[in-house]
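J.: Join the two chains, each given in its own frame, into one complex according to the hints.
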Amino acid sequence: MDTINLTIDHKPVVVKKGTTILEAASGIGIDIPTLCHMKLEDLNIENKPGGCRICVVEVNGRRNLAPACCTEANDGMEVNTHSMRVINARRTVMELILSDHPFDCLVCAKSGNCDLQDMAHRLGIREIHYKGEQSTYREDTSPAIIREVDKCIMCRRCETMCNEVQTVGVLSAINRGFQSVVSPAFEMNLDHSVCTYCGQCVAVCPTGALTEVDETGKVIRALSDPTKTVIVQTAPAVRAALGEEFGMEAGTLVTGKLVAALKRLGFDYVFDTDFAADLTIMEEGTELLTRLQKHLDGDKDVKLPILTSCCPAWVKFFEHQFPEMKDIPSTARSPQQMFGAIAKTYLADKLGVKREDLVVVSIMPCVAKKYECGRDEFKTNDNPDVDYAITTRELGALIKLSSIDFKALPNEDFDHPLGESSGAGVIFGTTGGVIEAAVRTAYEVHTQKELPRLDFDELRGMEGIREATIDFNGLPIKIGIAHGLGNARKLLEDIQAGKSEFHAIEIMSCPGGCIGGGGQPYHHGNADVLKKRQMALYTEDRNKTIRKSHENPYIVKLYEEFLGKPMSEKAHHLLHTEYFDRT
Amino acid sequence: MPKIKLAEHTIELIKTICAEFGNKESELINVLHKVQGELGYLPAEVQEVIAKELKASVAKVYGVVTFYSFFTMIPQGEHPISICMGTACYVRGAEQVLSEFKRQLKVEVGESTEDGMFSINCLRCVGACGLAPVVTVGEKVYGRVAPTDVKKIIAEYRDGCTSDSKTA
Numbered sequence: 001m002d003t004i005n006l007t008i009d010h011k012p013v014v015v016k017k018g019t020t021i022l023e024a025a026s027g028i029g030i031d032i033p034t035l036c037h038m039k040l041e042d043l044n045i046e047n048k049p050g051g052c053r054i055c056v057v058e059v060n061g062r063r064n065l066a067p068a069c070c071t072e073a074n075d076g077m078e079v080n081t082h083s084m085r086v087i088n089a090r091r092t093v094m095e096l097i098l099s100d101h102p103f104d105c106l107v108c109a110k111s112g113n114c115d116l117q118d119m120a121h122r123l124g125i126r127e128i129h130y131k132g133e134q135s136t137y138r139e140d141t142s143p144a145i146i147r148e149v150d151k152c153i154m155c156r157r158c159e160t161m162c163n164e165v166q167t168v169g170v171l172s173a174i175n176r177g178f179q180s181v182v183s184p185a186f187e188m189n190l191d192h193s194v195c196t197y198c199g200q201c202v203a204v205c206p207t208g209a210l211t212e213v214d215e216t217g218k219v220i221r222a223l224s225d226p227t228k229t230v231i232v233q234t235a236p237a238v239r240a241a242l243g244e245e246f247g248m249e250a251g252t253l254v255t256g257k258l259v260a261a262l263k264r265l266g267f268d269y270v271f272d273t274d275f276a277a278d279l280t281i282m283e284e285g286t287e288l289l290t291r292l293q294k295h296l297d298g299d300k301d302v303k304l305p306i307l308t309s310c311c312p313a314w315v316k317f318f319e320h321q322f323p324e325m326k327d328i329p330s331t332a333r334s335p336q337q338m339f340g341a342i343a344k345t346y347l348a349d350k351l352g353v354k355r356e357d358l359v360v361v362s363i364m365p366c367v368a369k370k371y372e373c374g375r376d377e378f379k380t381n382d383n384p385d386v387d388y389a390i391t392t393r394e395l396g397a398l399i400k401l402s403s404i405d406f407k408a409l410p411n412e413d414f415d416h417p418l419g420e421s422s423g424a425g426v427i428f429g430t431t432g433g434v435i436e437a438a439v440r441t442a443y444e445v446h447t448q449k450e451l452p453r454l455d456f457d458e459l460r461g462m463e464g465i466r467e468a469t470i471d472f473n474g475l476p477i478k479i480g481i482a483h484g485l486g487n488a489r490k491l492l493e494d495i496q497a498g499k500s501e502f503h504a505i506e507i508m509s510c511p512g513g514c515i516g517g518g519g520q521p522y523h524h525g526n527a528d529v530l531k532k533r534q535m536a537l538y539t540e541d542r543n544k545t546i547r548k549s550h551e552n553p554y555i556v557k558l559y560e561e562f563l564g565k566p567m568s569e570k571a572h573h574l575l576h577t578e579y580f581d582r583t
Numbered sequence: 001m002p003k004i005k006l007a008e009h010t011i012e013l014i015k016t017i018c019a020e021f022g023n024k025e026s027e028l029i030n031v032l033h034k035v036q037g038e039l040g041y042l043p044a045e046v047q048e049v050i051a052k053e054l055k056a057s058v059a060k061v062y063g064v065v066t067f068y069s070f071f072t073m074i075p076q077g078e079h080p081i082s083i084c085m086g087t088a089c090y091v092r093g094a095e096q097v098l099s100e101f102k103r104q105l106k107v108e109v110g111e112s113t114e115d116g117m118f119s120i121n122c123l124r125c126v127g128a129c130g131l132a133p134v135v136t137v138g139e140k141v142y143g144r145v146a147p148t149d150v151k152k153i154i155a156e157y158r159d160g161c162t163s164d165s166k167t168a
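For the protein sequence lines, the chains are A and B, in the order given. Under our numbering, read the first sequence as residues 1 to 583, first letter to last. Under our numbering, read the second sequence as residues 1 to 168, first letter to last.
Simulated from the structure, these hints should not be mistaken for laboratory data. Idealized CB from N, CA, C, for every residue including glycine. Don't take each hint at face value.
Said to hold, decoys possible - Listed next, the in silico EDC-like pairs over lysine to aspartate or glutamate satisfying Cα-Cα at most 20 Å (straight line): (1) B/LYS24 x A/GLU164; (2) B/LYS55 x A/GLU319; (3) A/LYS490 x B/GLU25; (4) A/LYS544 x A/GLU444; (5) A/LYS228 x A/GLU287; (6) B/LYS52 x A/GLU493; (7) B/LYS52 x A/GLU324; (8) B/LYS34 x B/GLU53; (9) B/LYS55 x A/GLU164; (10) B/LYS52 x A/ASP581; (11) B/LYS52 x B/GLU20; (12) A/LYS326 x A/GLU287.
Said to hold, decoys possible - Pairwise CB distance ranges (calculated): (13) A/THR92 x B/GLY40: 50 to 60 Å; (14) B/GLY93 x A/LYS490: 30 to 40 Å; (15) B/ASP149 x A/THR141: 30 to 40 Å; (16) B/ASP149 x A/PHE103: 27 to 37 Å; (17) A/LYS303 x B/ILE4: 30 to 40 Å; (18) B/ASN23 x A/LYS303: 26 to 36 Å; (19) B/GLY93 x A/TYR130: 24 to 34 Å; (20) A/ASP104 x B/GLY40: 21 to 31 Å; (21) A/ARG126 x B/GLU139: 51 to 61 Å; (22) A/GLU551 x B/ASN23: 46 to 56 Å; (23) A/GLU46 x B/LEU123: 29 to 39 Å; (24) B/LEU123 x A/SER99: 26 to 36 Å; (25) A/GLY498 x B/ASN23: 16 to 26 Å.
Only chain B is shown next, with the shape it has when bound in the complex (with noise of 0.2 Å):
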């Protein structure tokens, strides 16, 4: 993993978040939580700053960032598209459709286009299962998507136009 080294106001901004929380240990979660919200991701070097401030080992603070895979050590794209992998989704096709997008977008789960619009990440249930297979694309939701949908989804945001249907 190539180091990358923070930015003074990136820290600064870390540190603010952990403060916020009292720099306390057991608001670990809610601390990656907000870093994540405002980077993006938690690279290694993050993770590290968050440890400093909340006093707990790295090893610990990765822990919990592999644990949960809301949390990602990747820098999204620009439009992170999530395939809900839940039980009803996974019944109704999920995975015929995270196929289409990995083909259309040569890319696999967790990595991010080559100019950086697009990201592909499974996820578990939403709780929108009666529109099952479903797709998030940022906070947009996307109810019984086929494979056939797929390129269609992708067009919105690569031109630019965004269209109502089909949308929950």
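The shape of chain A in the complex, shown without the other chains (with noise of 0.2 Å):
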């Protein structure tokens, strides 16, 4: 029998076999609460350990309460999801919790964001009636993630996307009983760990239990000394999201506003990473070619594919897992890193400012990109090519901090000359959208055609791993995508193996890449926001006049000006970078 036949608060319902009860529910409007249960829907991630107990409901004939994320539906169940019972039963389980938790919600992190908050407000919490022992752990503070395991709820979703998404294997519950907790081997502090900060654990924790380093402090100090020239960068998947902070919907594109309310801020400058995404394109374009031509050749010591190094989390993960195949990925630094080499050279230059007194801000829609400023190969006399990167998160609470209503704002324009990009700049922030970027200069410039079409259908979508063959004028080039460390890792054993036929592969941590980012606005277990937020990207590259990196006018002028051509020793020495054995 392949349908149920079961009855949820009287209502008649009719599901697959499999269906659990609180899908049956939620498809016939009833909202069941849920608390460690998270599924995102086409992304294959769902944690359900049925642990936490919010979302018991009430099965005819059955003793004990049923959860309903993860128990069956039966046929002919008859469920109630509202009884006396079960409402006496999630609001016990409730205090429970909270029995054990510190009550410092007005100055947590998460306030207002917080899934326990929100059920503890559901359930009409007003009182707790258990008094007993607190847990209590050490704080862990890394370069961009901060643990603070007392407020942590047990739900398991960070243990879900550290080792089954994302096969980092960093967390894990150790100990049992009222001990029990997530943490590290050994309890080890993060930065000690293999951890790649992808921030994932941090977007889904229900709690302030995983947070980011905070840095908007840091910003403001800078904002107001009069010594500094305090300019900033917005990677693109920022513009995507950043409005939901706001209340807006999801997917709406603020690109205008942001730059508005970061002028407002007091920024005397507002770039564009997506200005250093192209010339990301121009660059590991160009190494991409290179690389295929030797190979075409026959060159025995060129390794193909080639695989991106935008995302600092892919980079960390392969150093520690994969250190064997240090010189497969592209030598490109990311676009974050390459916007601030050129400021503090090219741009410092221009404005006549010393390097000592220009400082980098950039958004990012990651918390792994504070972890990446901060490494030594991109300091020069101690002074880090980027000074702070703080999450889209974290702008939303500076922009709320400094009395700027961010609906009302005005569209503004970037500025110049670090502010122009193209459409393939934009699209960055999606996955699939780096490599459609780098096909779109890398046709051209190997073919010396212009592009039949812009749009490649078959490079982009929510897959984890896909596939694609692009028609380079006779020449087939075979590109691989993953998003999620998992995907990648299966590429990355399918090339140890030599199975592996690609020439190219785009890999970005974060399912759905940047518009998922570990520093993005909380999607609370809802799918749908990515995939609004990938819809905007696509968007704002169709309107742009200018759709392909190497037509940008202010790129082809800094090749002019200063670096000469791609991959020249300066275009080396700025825009490259090398990679470490972790092990």
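T.: Pasting the structure below:
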């Protein structure tokens, strides 16, 4: 029998076999509260340990209450989702969870965005009847992520992300009973572990147990220092998500308002990481074509596929897990770091500002970018190319703090010369976007012909691993795409085994790419939010007059005035990097 | 935690045990059990080797080691003493027995005496509730132990003379 007939709150429902009570209820508009459960539709991500027991329902004839998230619907089942017994049980469970939770909501980084707080509110908790021992753990601070384990409710969402989705394996439940907690091995600090700082644990944590390192204070201090020139770059994915921090619909493009807000915050120049994305394409695309040509000429020393290197979590991942393959990824720095390197040389000269007096701030959808800008190879005389990287969420907080009515802002334009970008730069923020941008340029450089079309639908989508063959005027270029480090691992293992036939592979650590980054407004388990952000970036790309990186006039000018040509000695020094064995 | 360097033959031993279980992650508990049987304890470095061989994350291995009270990361004494804290033993005075062991040996639960002879641990139920409170020293089980028996039990091992009295 493939279909199941049951009633939920006296309403008849017909569902497919294998459907949970939670899903069956949701299909008829019954919203059973959940806390530990999380499902990202279409991304194949689900956490349902059945641990928190908030979703319990009463099933007629069954002695115990059943957790709706992990109990399958059966034929003839009669389910009640809000009987007195159910409501009492949920409230008791909630009070017990709260009895071991620090009551510092007023000063907690997650306040207002906390699933636990929301659930306490929803269940109408006004008093905690249980007093007892409180678990206490030390705080763990790393360059990007803070763990305040006192606030952990053992939902295991972070563990699912770290192990099943990302296959990084840093976080695990340890100890038992009351002592049980999620931790790295041997309770070591995150910065001693193989953590990539992808921030997907932060993105799904229902409480304030995992948050990003807040650097808004440092930015405010820099902005109020009259001796400093403070400039800012904003990553592509930020414009497709920042509006959510102000109650706007997911996928609303706020590029113009974003620029206006940054100007009002007091940044001297507001630039675009998309410009640096175009620059990345010039370097990475040239590197691809050079490697490809040598490969076609029969040079055995040249390794293919070439892998993209824009994502700092991905870089740290292969440095820890696949160090023997560190010569395969492109040597091109990420757009954030390319921007920093150009800003502190080319731009500083143009502005007549000393390197030490120029502060570069980036707005990133990412927490790993905080770690990336602190890497030693991106510093000159201890002065980093990028001084501070703050997340989309931190920018939202900064705007609110500064009495700016975001929704009422007019649209304003980026400054020049580092603010102009092509549509190719914009789509860097989504899975498939970097490689599509690279194809647009590499095709024209290689064939010396204009592309017959600009939208490569075969490279787009949300499938974890995608592949496509693009015809470079008779030369078939095989392309692979992976988002989520677990998917990346599969492609890497194929390369290791000599089974990979790809010429180029794009890898982004976060599901969906940067639009789903660990620093983005919280999606609260709703994958539609990511899809809407993705659509927004493709819309911005379509609306651009220039859609190919090599046609960005400011990029052309940068090479003419400063860099010479792609992969020149100067470009190599400023825009490329090396990788390290971190085992 | 101070780092220890494992001897080559120890690493080989761990690898052999992992291989016996097909290097399967699903055999983790069996592997840990056998390795602890050979080495006496499971320090971090040993867990790292096991994780690598079974292609599991070190965090997961550590998670399992810390979940089961049977596994220990601290070297055991030559004569590991375990006091049962299961319900039956507890209500019949296991806690006083434990206190007496701690007092006489001057160590806490999970620690070893300075001479390495004894270590104290608690466990949950050895399935001999009729003999509560139960203490085991190595493989030997002592039943109906009173705090006044503690001195004699320790002496058996310290003086090398084992008597048969009060053993199960």
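J.: Which earlier hints can't be squared with this structure?
T.: Hint check: 5, 13, 14, 15, 16 and 20 fail, others pass.
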